[in-house]
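These protein sequence lines are chains A and B, in that order. Residue numbering for the first sequence follows the numbering used here, starting at 70 and increasing by one per position. Residue numbering for the second sequence follows the numbering used here, starting at 2 and increasing by one per position.
For the record, the hints were derived by calculation from the structure and aren't laboratory data. Mixed in with the good hints, there may be bad ones.
Computed list of chain A residues with no C-beta within reach of chain B, every gap over 12 Å [stated by the list, open to error]: (1) L113; (2) F141; (3) Q150; (4) D152; (5) T165; (6) S224; (7) L248; (8) L254; (9) P279; (10) K308; (11) G323.
Pairs of lysine to any residue residues, derived as SDA-like cross-links and limited to a Cα-Cα distance of at most 25 Å, are as follows [as the list claims (entries may be wrong)]: (12) K308(A) - F148(A); (13) K308(A) - F257(B); (14) K255(A) - N35(B); (15) K190(A) - I250(A); (16) K190(A) - S26(B); (17) K209(B) - P279(A); (18) K126(B) - V53(B); (19) K255(A) - L42(B); (20) K317(B) - T200(A); (21) K308(A) - D152(A); (22) K255(A) - Q350(A); (23) K209(B) - Q350(A); (24) K190(A) - S271(A); (25) K308(A) - F54(B); (26) K126(B) - G96(A); (27) K126(B) - T99(A); (28) K209(B) - K255(A); (29) K126(B) - I109(A); (30) K255(A) - F148(A); (31) K209(B) - V282(A).
Given the structure is predicted, the values throughout are model-derived calculations rather than measurements. Glycine is no exception: its CB is placed at the ideal position from the N, C-alpha and C atoms.
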Amino acid sequence: MSSRETTVGAQPAVRYPHDRGRRITVGRMTQYAVLTLLSITFLLPFYWLVATSLKTPAQIFTSEWIPDPIRFRNYLDVFEQTDFLRWTVNTAFVTTLAMIAVALSSAVVAYPFAKLNFPFKRPLFALVLATMMLPGVVMMVPVFLIWRQFGAINSYYPLWVPNLFGSAFYIFMLRQFFLTIPNDLKEAGLVDGASHFRIFWSIMLPLVRPAIVTVLLFEFVAKWDDYLTPLIYLNDPNKYTLAVGLASFLRAPGLESRWDLWMAGSVLVMIPVLVLFFVAQRHFIEGISAGAVKG
Amino acid sequence: MRLPGRRPDVPDGGATVATATRSGSARSTNMARNESIAALLFITPWIIGFLVFTLGPALASVYFSLTNYNVLEPAQWTGFDNYVEILTQDDLFRKSLINTAYYTVIYVPLHIISALAVAMLLNTKVRGIPFWRTFFYLPSVTPVVAMAILWKFILNPQGGILNQGLRSLGLPAPGWTTDPNWMMPALGIMVTWGGAGNAMIIYLAGLKNIPIELYESADIDGAGWWSRTFHITLPMLSPVLFFTTVVGIVAALQTFAQSRVLFDEEGGNANAALLYLMYLFNTAFSYFRMGYASALAWILFVVIIAFTVFQFWLSKRWVYYEGESK
Numbered sequence: 070m071s072s073r074e075t076t077v078g079a080q081p082a083v084r085y086p087h088d089r090g091r092r093i094t095v096g097r098m099t100q101y102a103v104l105t106l107l108s109i110t111f112l113l114p115f116y117w118l119v120a121t122s123l124k125t126p127a128q129i130f131t132s133e134w135i136p137d138p139i140r141f142r143n144y145l146d147v148f149e150q151t152d153f154l155r156w157t158v159n160t161a162f163v164t165t166l167a168m169i170a171v172a173l174s175s176a177v178v179a180y181p182f183a184k185l186n187f188p189f190k191r192p193l194f195a196l197v198l199a200t201m202m203l204p205g206v207v208m209m210v211p212v213f214l215i216w217r218q219f220g221a222i223n224s225y226y227p228l229w230v231p232n233l234f235g236s237a238f239y240i241f242m243l244r245q246f247f248l249t250i251p252n253d254l255k256e257a258g259l260v261d262g263a264s265h266f267r268i269f270w271s272i273m274l275p276l277v278r279p280a281i282v283t284v285l286l287f288e289f290v291a292k293w294d295d296y297l298t299p300l301i302y303l304n305d306p307n308k309y310t311l312a313v314g315l316a317s318f319l320r321a322p323g324l325e326s327r328w329d330l331w332m333a334g335s336v337l338v339m340i341p342v343l344v345l346f347f348v349a350q351r352h353f354i355e356g357i358s359a360g361a362v363k364g
Numbered sequence: 002m003r004l005p006g007r008r009p010d011v012p013d014g015g016a017t018v019a020t021a022t023r024s025g026s027a028r029s030t031n032m033a034r035n036e037s038i039a040a041l042l043f044i045t046p047w048i049i050g051f052l053v054f055t056l057g058p059a060l061a062s063v064y065f066s067l068t069n070y071n072v073l074e075p076a077q078w079t080g081f082d083n084y085v086e087i088l089t090q091d092d093l094f095r096k097s098l099i100n101t102a103y104y105t106v107i108y109v110p111l112h113i114i115s116a117l118a119v120a121m122l123l124n125t126k127v128r129g130i131p132f133w134r135t136f137f138y139l140p141s142v143t144p145v146v147a148m149a150i151l152w153k154f155i156l157n158p159q160g161g162i163l164n165q166g167l168r169s170l171g172l173p174a175p176g177w178t179t180d181p182n183w184m185m186p187a188l189g190i191m192v193t194w195g196g197a198g199n200a201m202i203i204y205l206a207g208l209k210n211i212p213i214e215l216y217e218s219a220d221i222d223g224a225g226w227w228s229r230t231f232h233i234t235l236p237m238l239s240p241v242l243f244f245t246t247v248v249g250i251v252a253a254l255q256t257f258a259q260s261r262v263l264f265d266e267e268g269g270n271a272n273a274a275l276l277y278l279m280y281l282f283n284t285a286f287s288y289f290r291m292g293y294a295s296a297l298a299w300i301l302f303v304v305i306i307a308f309t310v311f312q313f314w315l316s317k318r319w320v321y322y323e324g325e326s327k
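Given these sequences and hints, build the entire structure.
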């Protein structure tokens with residue numbers, strides 16, 4: 070705090086601009102150097118993944134940075150030697166249903182918490198938020214027993230039907246977005262004799278489209294990635310999703326220690342998510358920041 | 002209050018000021034009621050979901066935790082036997098709880114500190130922030146199973162690239178995936194790589210929210226990097242740090258896929274990486290001890306709530322909310 074320990078930092082800032090300039094250059098360069106080094110550390114595993122996925126089994130444990138020969142066949146082998154295509158279709162099916170279900174239901178539930186008045190609004194919203202704190206683990210066994218009761222083991226219902234009832238995190242996020250829409254729009258709709266549902270559907274929902282896109286993206290990543298739930302409910306390898314299917318590589322007869330194929334499979338599983346991320350990066354970043362900073 | 006009785010008397014088309022207000026307020030109570038009904042219809046899906054998938058199962062879980070239930074035969078009431086067995090005789094429970102605590106203690110601080118360091122590095126006038134941000138965030142969107150398989154390969158004790166590198170530098174090459182002493186650190190490396198990006202984005206947004214005037218006046222007062230960081234940046238960021246700590250701990254205590262794929266369903270050699278949720282999963286879905294698993298779940302619940310409450314209590318000492326002083 071005393072000026073003694075801070076002399077290096079700021080005193081010359083005002084008095085000797087040229088001095089500060091030079092110091093900044095050095096500082097800046099270190100900064101870029103550190104950032105570059107860190108980025109390489111973060112990106113290197115990806116490179117290694119792709120490189121290995123193109124190697125022959127004999128090259129796997131060599132430290133060749135560029136595989137020679139480059140073997141694209143590994144990618145074909147993944148499809149030929151496993152049910153990869155089927156798992157992709159399964160995952161796409163579950164993910165699509167789950168995304169649509171959760172985005173619509175969460176928007177429907179979020180809307181009144183932002184724009185309508187009704188009894189017990191505050192305690193109900195507090196309850197929605199409280200469920201976010203409740204670890205899903207506690208419900209895992211009884212929910213399994215419920216689905217078993219319905220004969221839904223080995224079906225996809227347990228993977229997406231719960232999404233029809235909204236998800237607390239998305240409800241919270243969408244509510245924040247609905248709050249930013251002026252009430253005049255609602256009033257104008259009411260004067261024109263529109264029902265509340267119509268106002269929601271035709272006026273409000275289109276206005277929060279960016280937030281809906283964020284929800285869809287988050288849910289896509291979550292479901293594409295989900296390992297625990299499919300592992301509980303799906304026993305039939307034909308019904309596996311990609312996450313469970315890919316993990317089953319490690320045990321599959323004939324695929325033991327086929328690191329080349331495991332890597333190729335991993336690349337294939339990552340591609341849709343990474344592509345989506347690059348296309349819609351802004352939505353991801355805004356979604357994450359909105360949840361934590363504005364909340 | 003005089004309205005309802007007189008309403009039928011109002012002549013059609015009597016467009017006086019009086020009738021206008023009267024029917025107007027009658028309409029507004031009507032509208033308020035409509036609004037409430039509409040709102041309740043809107044939230045009905047959530048209420049049903051809450052009852053069927055949260056409250057109901059939570060209550061059922063309390064009941065099951067007091068029974069012996071293997072799915073095939075009806076549940077047998079056993080009172081607190083499950084809890085007693087877990088707390089007094091279950092070695093794997095103890096093992097997995099200790100592992101999970103160890104994991105949480107390394108993972109949460111490690112990923113918060115590394116995320117914060119990168120975010121602060123990026124929050125200066127560095128060029129190409131979106132570019133750098135993408136690099137650091139990329140692992141966070143990587144599907145977990147694919148990530149774990151990748152790291153299983155990188156960390157492979159014999160031929161893995163990490164150990165090849167360490168050996169060529171003349172450093173010891175530990176058995177990351179086989180040596181019980183090194184398995185947890187291995188898991189920590191992987192999840193920090195895979196999780197720091199998320200927190201970094203949050204911190205970056207938080208740092209952007211700090212008013213620049215604070216730094217300007219600190220500059221005038223002659224504050225250096227150190228005191229700016231500890232007297233402005235960290236206090237202003239503390240609500241966000243708090244949020245990520247709470248969320249991070251809750252997530253760490255429920256980690257599952259990472260360890261299961263990187264090692265195996267038993268947590269690898271000597272169960273060294275058997276995490277609590279993995280043990281719970283095995284109990285329920287491999288051994289079908291549903292009652293026992295429910296009791297395990299409630300114990301985890303108590304641990305999570307205790308951690309969270311403790312965090313909130315602790316937060317009064319270090320979290321600074323700007324709005325509070327006003």
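Hint-by-hint comparison with the structure:
no.	hint	verdict
1	L113	9 Å, violated
2	F141	19 Å, holds
3	Q150	16 Å, holds
4	D152	15 Å, holds
5	T165	17 Å, holds
6	S224	16 Å, holds
7	L248	15 Å, holds
8	L254	15 Å, holds
9	P279	16 Å, holds
10	K308	16 Å, holds
11	G323	17 Å, holds
12	K308(A) - F148(A)	16 Å, holds
13	K308(A) - F257(B)	21 Å, holds
14	K255(A) - N35(B)	14 Å, holds
15	K190(A) - I250(A)	19 Å, holds
16	K190(A) - S26(B)	23 Å, holds
17	K209(B) - P279(A)	21 Å, holds
18	K126(B) - V53(B)	51 Å, violated
19	K255(A) - L42(B)	17 Å, holds
20	K317(B) - T200(A)	23 Å, holds
21	K308(A) - D152(A)	10 Å, holds
22	K255(A) - Q350(A)	32 Å, violated
23	K209(B) - Q350(A)	18 Å, holds
24	K190(A) - S271(A)	24 Å, holds
25	K308(A) - F54(B)	24 Å, holds
26	K126(B) - G96(A)	11 Å, holds
27	K126(B) - T99(A)	13 Å, holds
28	K209(B) - K255(A)	33 Å, violated
29	K126(B) - I109(A)	21 Å, holds
30	K255(A) - F148(A)	52 Å, violated
31	K209(B) - V282(A)	24 Å, holds
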